[in-house]
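**Student:** Which chain is which? The protein sequence lines are A and B, in order.
Following numbering that gives the first Met the number 0, the numbering of the first sequence begins with 0 at its first residue and continues without gaps.
Following numbering that gives the first Met the number 0, the numbering of the second sequence begins with 0 at its first residue and continues without gaps.
If you're looking for bench data, these hints aren't it; they were derived computationally from the structure.
Be careful, since some hints might not be right.
As the list claims (entries may be wrong) - Here are the simulated EDC-like cross-link-like pairs (lysine to aspartate or glutamate), alpha carbons at most 16 Å apart as the crow flies: (1) A:76 / A:141; (2) A:302 / A:107; (3) A:76 / A:261; (4) A:302 / B:251; (5) B:302 / A:328; (6) A:302 / B:297; (7) A:266 / A:251; (8) B:76 / B:261; (9) B:266 / B:251; (10) B:302 / B:9; (11) B:302 / A:297; (12) B:76 / B:268; (13) B:302 / A:141; (14) A:258 / A:297; (15) A:76 / A:31; (16) A:302 / B:328; (17) A:76 / A:196.
Number of protein chains: 2
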Amino acid sequence: MKPSALDLAEAAVAGNRRALAQLLTLIENNAERAAPAMSRLYSHTGRAHIIGITGAPGTGKSTLVAAMAQAWRAEGKTVGIIAVDPTSPFTGGAILGDRIRMRDLSGDEGVFIRSMATRGALGGLAAVTLDQARALDAAGFDKVLIETVGAGQNEVAVARLAQTTLVVEAPGLGDEVQAIKAGILEIADVLVVNKADRPGATQTVRALRTMIETGHPALKTRWMHHGQMIGVDDRYPLEDQDVALWIPPIVETVAADGKGVDLLVSKIEEHRNYLETAGLRAPLERAHLEVELMNRLEARLLKRLLERLPEGVLSEMVTSVQQRTRTPEQAIEALLSQAEVLAVES
Amino acid sequence: MKPSALDLAEAAVAGNRRALAQLLTLIENNAERAAPAMSRLYSHTGRAHIIGITGAPGTGKSTLVAAMAQAWRAEGKTVGIIAVDPTSPFTGGAILGDRIRMRDLSGDEGVFIRSMATRGALGGLAAVTLDQARALDAAGFDKVLIETVGAGQNEVAVARLAQTTLVVEAPGLGDEVQAIKAGILEIADVLVVNKADRPGATQTVRALRTMIETGHPALKTRWMHHGQMIGVDDRYPLEDQDVALWIPPIVETVAADGKGVDLLVSKIEEHRNYLETAGLRAPLERAHLEVELMNRLEARLLKRLLERLPEGVLSEMVTSVQQRTRTPEQAIEALLSQAEVLAVES
Chain A
0 MKPSALDLAE
10 AAVAGNRRAL
20 AQLLTLIENN
30 AERAAPAMSR
40 LYSHTGRAHI
50 IGITGAPGTG
60 KSTLVAAMAQ
70 AWRAEGKTVG
80 IIAVDPTSPF
90 TGGAILGDRI
100 RMRDLSGDEG
110 VFIRSMATRG
120 ALGGLAAVTL
130 DQARALDAAG
140 FDKVLIETVG
150 AGQNEVAVAR
160 LAQTTLVVEA
170 PGLGDEVQAI
180 KAGILEIADV
190 LVVNKADRPG
200 ATQTVRALRT
210 MIETGHPALK
220 TRWMHHGQMI
230 GVDDRYPLED
240 QDVALWIPPI
250 VETVAADGKG
260 VDLLVSKIEE
270 HRNYLETAGL
280 RAPLERAHLE
290 VELMNRLEAR
300 LLKRLLERLP
310 EGVLSEMVTS
320 VQQRTRTPEQ
330 AIEALLSQAE
340 VLAVES
Chain B
0 MKPSALDLAE
10 AAVAGNRRAL
20 AQLLTLIENN
30 AERAAPAMSR
40 LYSHTGRAHI
50 IGITGAPGTG
60 KSTLVAAMAQ
70 AWRAEGKTVG
80 IIAVDPTSPF
90 TGGAILGDRI
100 RMRDLSGDEG
110 VFIRSMATRG
120 ALGGLAAVTL
130 DQARALDAAG
140 FDKVLIETVG
150 AGQNEVAVAR
160 LAQTTLVVEA
170 PGLGDEVQAI
180 KAGILEIADV
190 LVVNKADRPG
200 ATQTVRALRT
210 MIETGHPALK
220 TRWMHHGQMI
230 GVDDRYPLED
240 QDVALWIPPI
250 VETVAADGKG
260 VDLLVSKIEE
270 HRNYLETAGL
280 RAPLERAHLE
290 VELMNRLEAR
300 LLKRLLERLP
310 EGVLSEMVTS
320 VQQRTRTPEQ
330 AIEALLSQAE
340 VLAVES
């Protein structure tokens, strides 16, 4: 007999790694069936340090993640890793080489690695990753690392779930520009220049430093949670408070031979301590939760509306919009009143 | 007295460029006030060829857009351009140099250029761009070009509004990899290697060709509208139909001196003709409209729910989730029943 979602959750919380793996699969494949498990384990969450690692392809993120995991293991901390790989129909999969490097860590009960394709569920990726991170948190991992390729809006959304976000660059990739354009740099709590033994590392560090310095006024508003106000309706007017600023440090690493990794790990700890002492940890979590609730509400409301629509109505509406007999706005009003929910009020 | 949104729409449709400019500003700044104008002009839409142009920074997209506009002008066609610039808090603005090049086209009544920052409204960018493209369509422009930086999910969303999507690459940027990772390549109807007089152009073309060839099975499913099924509930099982495949052509250009631009323009026309003859134009528009309606419905439903919530309830719920006395799921159920809309049904 297959174990129930609840059984999996209880076993995972109790430390059963096999149950944890099954639970993560369930979360990825069937959010609805996983829901009771999420409820069961939710009270065990909120202890792990959730760390996002993002950056362009070729910056050596996976190697860096493996090196960081080893550093934390040496301190006796447990590490859960979720690696999110965008899967192009052209390439058909993740960069396996990177994944393989992670195997250095296998056989260690204190490390748990999960690789996830982003096939399909683009909209739901952040939700799935969030729930998986929660499962690892509830299973007792001290550090939960979420590795994403810093290419799309979606990856940025994933990184935003984290308490501490690393943006990884490497010399000679022209990444400085890429990062700015993609809006990735402004989400960084710690900047890493990996492959720092390569030519051009000094210039990359200098370029990043310049951007941080010239961007100083912008940095201040970062404490509105990456451009988003922490908390609703100005209950956290952080700009008026006497909160120390966190200027993202730039750390040079050579992940392949471990150089700089101890310093990086200590900077990550420093950032977590900063969040605590500045009183920012709770408002940050609150902001994350608010965004999550809004996203879930939207999806739920739409689902219910669609379920309530009489057969064929949606299709008719689209047809009328396409034939220009209704505007999109008129179609929405009609759909709302047909579903007899949330109809227009005067 | 300020003209009303309706007045602006009527004047814009009648060919008044000043009114059109004001209307586009209204759409960008105040969707609600612009709504009557959108209704007014909607019946005039559906005639323009909407073309998306995307690619990494440094590929020369803006120059290419200007060169294409000139080529179409030489054929007597009118061209509307919407240039979408992601604005980083670090850089504070668009790359002005690129914009300036567009001025070669100014003074020509048959060309209309609109530059839009993406400041703020990330979620709403696609909606705003779509409505602006509709305004240009209704104002009678033959070609409506939407230029975006191919960096984020959001830009991909914008590109997906188009009938024909160009992905622009340039030699020596390492963009082949970037494009695949970002999932941009698979949305291309026409691939452009710009700056083709630079070293490495041949390799870039070859890399793209290889990707297209090895990706052939994937290409087939592209006719499910970029990985998304065209039409709801399998009413358009295109895979079973005898629809000719469109293999994205690769066109080399040197936009700065106009080389290859005529060929590019003819390939774009060819793609439009292909959509017509393969019977794909209508299903593609239908798929776009469906996505638009779903997005608008979601936003509307959430807005109304939040309006109906008693004061302080949302904040209380977030607090209880943060304190782990409610799971996110339980909070959502509570919010739905508090708003007395779409409550749980057995």
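**Student:** Would you mind marking each hint as holding or not holding in the structure?
**Tutor:** Comparing the hints with the structure gives:
A C-alpha spacing of about 6 Å is found between residue 76 (chain A) and residue 141 (chain A), which places the hinted pair at or below 16 Å, so the restraint holds. Between the alpha carbons of residue 302 (chain A) and residue 107 (chain A) the distance comes to roughly 42 Å, so the proposed pair goes past 16 Å and is violated. Of the pairs offered as hints, the one joining residue 76 (chain A) and residue 261 (chain A) holds, with about 14 Å between alpha carbons and a cut-off of 16 Å not exceeded. Using a Cα cut-off of 16 Å, the hinted pair residue 302 (chain A) and residue 251 (chain B) is violated, with the two alpha carbons roughly 45 Å apart.
Annotation: proposed proximity of residue 302 (chain B) to residue 328 (chain A) holds, straight-line Cα distance about 15 Å (limit 16 Å). Distance hint between residue 302 (chain A) and residue 297 (chain B) is fulfilled; the C-alpha atoms sit about 9 Å from each other, no more than 16 Å. For the suggested pair residue 266 (chain A) and residue 251 (chain A), the alpha carbons sit about 12 Å apart, so the restraint of at most 16 Å is met. Note on residue 76 (chain B) and residue 261 (chain B): the hinted pairing holds, with a Cα-Cα distance of about 14 Å set against a maximum of 16 Å.
Taking the CA atoms of residue 266 (chain B) and residue 251 (chain B), the gap is near 12 Å; set against the 16 Å cutoff, the hint holds. The straight-line distance between the Cα atoms of residue 302 (chain B) and residue 9 (chain B) is roughly 30 Å, outside the 16 Å bound, and the hint therefore fails. Restraint check: the Cα-Cα separation between residue 302 (chain B) and residue 297 (chain A) comes to about 9 Å, which is no more than 16 Å; the hinted pair holds. At most 16 Å may separate the alpha-carbon atoms for a hinted pair to count; residue 76 (chain B) and residue 268 (chain B) meet this at roughly 12 Å.
Restraint check for residue 302 (chain B) and residue 141 (chain A): the C-alpha separation of about 38 Å exceeds 16 Å, so the hint is violated. With a C-alpha separation of about 45 Å, the suggested pairing of residue 258 (chain A) with residue 297 (chain A) is violated against the 16 Å cut-off. Using a Cα cut-off of 16 Å, the hinted pair residue 76 (chain A) and residue 31 (chain A) is violated, with the two alpha carbons roughly 32 Å apart. The suggested pairing of residue 302 (chain A) with residue 328 (chain B) holds, with an alpha-carbon distance near 15 Å, which does not exceed 16 Å.
With a C-alpha separation of about 28 Å, the suggested pair residue 76 (chain A) and residue 196 (chain A) falls outside the 16 Å cut-off, and the hint is violated.
Hints 2, 4, 10, 13, 14, 15 and 17 from the earlier list are contradicted by this structure; the remaining hints agree with it.
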